[in-house]
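Peer 1: Build out the structure end to end from the sequences listed, making use of the hints.
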Amino acid sequence: MAETNVTTRPGSEVTAQAQRVPTAVPRVDIIEDQTGITLWADLPGVSRDALEIKVEGDTLTIEGNVSLPVSEGMEPIYAEVRAPRYARSFTLSRDLDTAGIQAKLNQGVLELRIPKHQQAQPKRITVQAG
Amino acid sequence: MVTTLFPTNLFEEFDRLQRELDRLWSGWPAAIREVALDTVYPAINIGRTSEAVEVYAFVPGVDPAKLEVTLEQGVLTIAGERSSPIPENDQVTVYANERFAGKFRRTISLSEDLDPDKVEATYRDGVLRLRIARKAHLQPRRIEIK
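Just so you know, the sequences run in chain order A and B.
Heads up: the first sequence begins at 1 in our numbering, then just goes up one per residue.
Heads up: the second sequence begins at 1 in our numbering, then just goes up one per residue.
Just so you know, the hints here were simulated from the structure itself, not pulled from any lab data.
Everything numeric in this text was worked out from a predicted model, so none of it was measured.
One or more of the hints may lead you astray.
[Stated by the list, open to error] With beta-carbon atoms standing in for the labels, derived distance ranges:
#, chain 1, residue 1, chain 2, residue 2, range
1, B, E120, A, P122, 49 to 57 Å
2, B, R105, A, A103, 29 to 37 Å
3, B, E120, A, D49, 19 to 27 Å
4, A, Q107, B, P140, 35 to 43 Å
[Said to hold, decoys possible] Quick list of in silico lysine-lysine cross-link-like pairs, BS3-like style, CA-CA up to 30 Å:
#, chain 1, residue 1, chain 2, residue 2
5, B, K103, B, K66
6, A, K104, B, K135
7, B, K135, B, K146
8, A, K104, B, K66
[To be verified] Just so you have them, the derived chain A footprint on chain B, three or more residues with Cβ under 8 Å:
#, region
9, 87 to 96
10, 111 to 121
We put the CB at the ideal spot given by N, CA and C, even for glycine.
Peer 2: Spelled out as structure tokens, the structure:
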């Protein structure tokens, strides 16, 4: 199979909002097994309430706002993480069952499981002795 | 109080300049250097108040109990390990493998006026926050005018 099931798109095209707020593209791992696709995304500083996962048509979008506890009067002196927001979109192929997507957020890592439609899953055909 | 106030244009500008210089001086290929720059794990932000220095280490996917944090003579070290969730077998097809995996160690030189006995560490949503108090006698004091 040459075509990948999940196609990455530049994060900057996600929404109109993304153009106003500095937005980082989260790093991801994506694998496919026989029954579906699993995606892990690093979203440090994003709480469950600040995370939004959307499926519109064939597009899956992950968006999250970073919030850090900050002391009164704190002055930033050095920053490697400068974007207060993460966003990334993926195109899903038709064999994926978007209604069956499951999401878990743990220690700043999102784990998404996207199952394949039942008919897209491989079936083992038993060869009977003649 | 919860806000995000790290983005500053000044830092972005400096970063851009640095990259331009790197590209200019290092010759082809520049892209691989950029990749290396962006893969620093964990990323770190630092802020300060009059009483303390606050360090934010972005360590998603690491159990805070397994993080090794030391502060010695103003040098802060954060070390640990993160494993990849990708199974090592031929039953899966890997489409993306961008997340850091392996051992890490980051060392940052902070000012020496910090008190290693007064460090508060909290962890939330993959971010370790260290609040390190400045030594009491070095904190700015208001001088009463009689």
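Peer 1: If a hint holds in the structure, say so; if it does not, say that too.
Peer 2: Hint check:
no.	hint	result
1	B:E120 - A:P122: 49 to 57 Å	holds, 53 Å
2	B:R105 - A:A103: 29 to 37 Å	holds, 32 Å
3	B:E120 - A:D49: 19 to 27 Å	holds, 24 Å
4	A:Q107 - B:P140: 35 to 43 Å	holds, 37 Å
5	B:K103 - B:K66	holds, 12 Å
6	A:K104 - B:K135	violated, 42 Å
7	B:K135 - B:K146	holds, 27 Å
8	A:K104 - B:K66	holds, 21 Å
9	87 to 96	holds (count 7)
10	111 to 121	violated (count 0)
When the structure is compared with the earlier hints, violations turn up for hints 6, 10 and for no others.
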